[in-house]
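Peer 1: Each chain, written out:
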Amino acid sequence: MMKGKDMPRIQMIKILLLVVVAVAMINGGLELYKHRHFQLPLVAGPGVTKVKKLSEYCEGIAGTMADTSVFFLEGREPGGKILILANTHSNEPAALLATLIFMENAVVEKGTLILIPQFNHSGSRNTRPGDGYPLYFEIPTDWGSKKFRMGNRDASWLDQWPDPDVYVHYPDRQLLSFIDTRNTNRTWPGRPEGPLMERVTYAAMQIIRNEKVDVVVDVHGAETMFPVTNCIVAPEKSMRIATMTTLTVKAQEKFDNHVEPSPSGFRGLSHREIGDHSDAMPFLLEAPIPFLDQPTGPKTVDLLLDGKDPFLLSLSKKGKLFVPYDETGWPIAKRVGQHCSVIQELMRQYTRKFPEKSMAVRNVPKYADVVANGVGFYFHDPEKTDKKSIYFN
Amino acid sequence: MPLIMIIYYGICVYLIAFLFWNFIKEKKSVNDMLLYLLVLIPLILRVLRVK
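Read top to bottom, the protein sequences are chains A and B. Residue 157 in this note's numbering sits at position 157 of the first sequence; the count goes up by one each step and never skips. Residue 1009 in this note's numbering sits at position 9 of the second sequence; the count goes up by one each step and never skips.
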C-alpha cells in the first residue's frame, strides 16, 4: 500500500509522463499525417487529351486511397498504344520523375500514350520510419523547387489490412511472402474482388484489354548490389525489342542497359503476367538506386538524389556491385534520363517491327539532355499553369 | 471498411483501454508507467488512422 504522502509525487510523475509521451506522439503523428495528406500537383502538358480515374476500370477501388489518375495523350493519327506505369514501388522515384517529364512535355503525333504516374497510390502515401526514410524530397527547377512525397514499396496498412500469413497468388496459387499482398508488382493480373492491390492491378489489366494496349512499360529502380539492375526485364515475346533497345542506347547514347529474361516460374510480376494474360508486350525497366542498398550510410535526401555513398564505393572497389560505381555516385538525372531514353527507344523499335501500329512522340528529352539540364528543367510551375491542367490524386 | 478491419480496430481500442487502465493502476514502477504509455502510441495512431 502506498503511503498518503507519496500520492502527490506519483501523480506528478504520471502527469509528467503523460505530457511527455503525448507531445512525442502528437509531434511524430502530425508529421506522418501531413505526409499522408500532402498533395502533389500533377501538371498535364499540352499533349494530354483526357484524364480518367483508375476506378473507372474497376469499381472496387472507387473511394479508396488506391484510386489514381490515368492520363491519355492521344496522337493526331492512330497507331500503337503504350501504357507507362510509375510508382509501382513509390520508393523508386526516378520512375515518377521520368513519367512526369513525359506528361508535362510529350506531344504525340501517332498512337496513344497512357500514363499512370502514381500507380500504387496508397504506397506513395506510406513511408518506412524504421528505415529512416525521408518523408519528402525536392527537385530544383528554374522557378524554385518541386516537392515530392517519398513513398514506400508497399501499400499502406491503413488501406489494406490485415496481411495474411502467406500471400497465395491468384490465379496460380503460388505461395509468396505475406508482405507481397500489398506489393503491386506481385499482385498481377489481379481480380475485381481480391485484396485492394489485386484490384489495382486488375484495373490496369482492364485498361490494357479494353484500350487494346500494345506495349506496357513498368518503370522501377533497383539496388546496385542486386543483379537485376540497370536493365530491361522482358518475357519471351518482348525479348527481341528489348535486346534491340539495349544495343541501340549503348551504341547511340553511351549508357549500359542489359536485358534480363522474365522468369516463367515466378508469378505475380508485371513483366510476366501482363504478357501471359493479354496481347500486350510488357517491359520492366530498372535503373540503379543506391538509396535502396542495405549497406549504406544514413538514408538521406542527398543519398536519394546523388546516389553517393562511401560504403558502396568501397564495395565497388571490391567488385561487389553489379553496376559501375565511382565518386560521382548515381545522380537522379542519370537514372531519369535513362528511363526517358529507353522508353523512347522501345517505342521506336516497336514501330520498326510493327509499322502498322507505329508510335511517334516528340518533345521528350533523352538521356544526354536530362543529364545536361537536370530533371527540374522539364517541370512547369503549377502556380503559373492553367488550373484546369492541374490534377491531384 | 471490411468487417475484419473493424474487428482489428475494436481490438486496438480494447488494448488501449486495458493499457491505460494498467497505467492508472500502477503505483510504484515509473519504468512500467512509461512502458505502458510507449506501447499505447502505435495503437492510438492506428485508431486515429495516422499510421
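These are calculated hints, taken from the structure and not from any lab test. Fair warning: there could be bad hints in the mix.
With a straight-line cut-off of 20 Å between C-alpha atoms, the simulated EDC-like cross-links for lysine to aspartate or glutamate are [as the list claims (entries may be wrong)]: (1) A:384 - A:31; (2) A:50 - A:67; (3) A:366 - B:1032; (4) A:14 - B:1026; (5) A:110 - A:138; (6) A:212 - A:109.
Peer 1: Give a verdict on every hint.
Peer 2: So, going through the hints one by one against the coordinates:
no., hint, in the structure
1, A:384 - A:31, "29 Å, violated"
2, A:50 - A:67, "17 Å, holds"
3, A:366 - B:1032, "60 Å, violated"
4, A:14 - B:1026, "9 Å, holds"
5, A:110 - A:138, "34 Å, violated"
6, A:212 - A:109, "18 Å, holds"
Violation of the numbered hints given earlier is confined to hints 1, 3 and 5; the remaining hints are satisfied by the structure.
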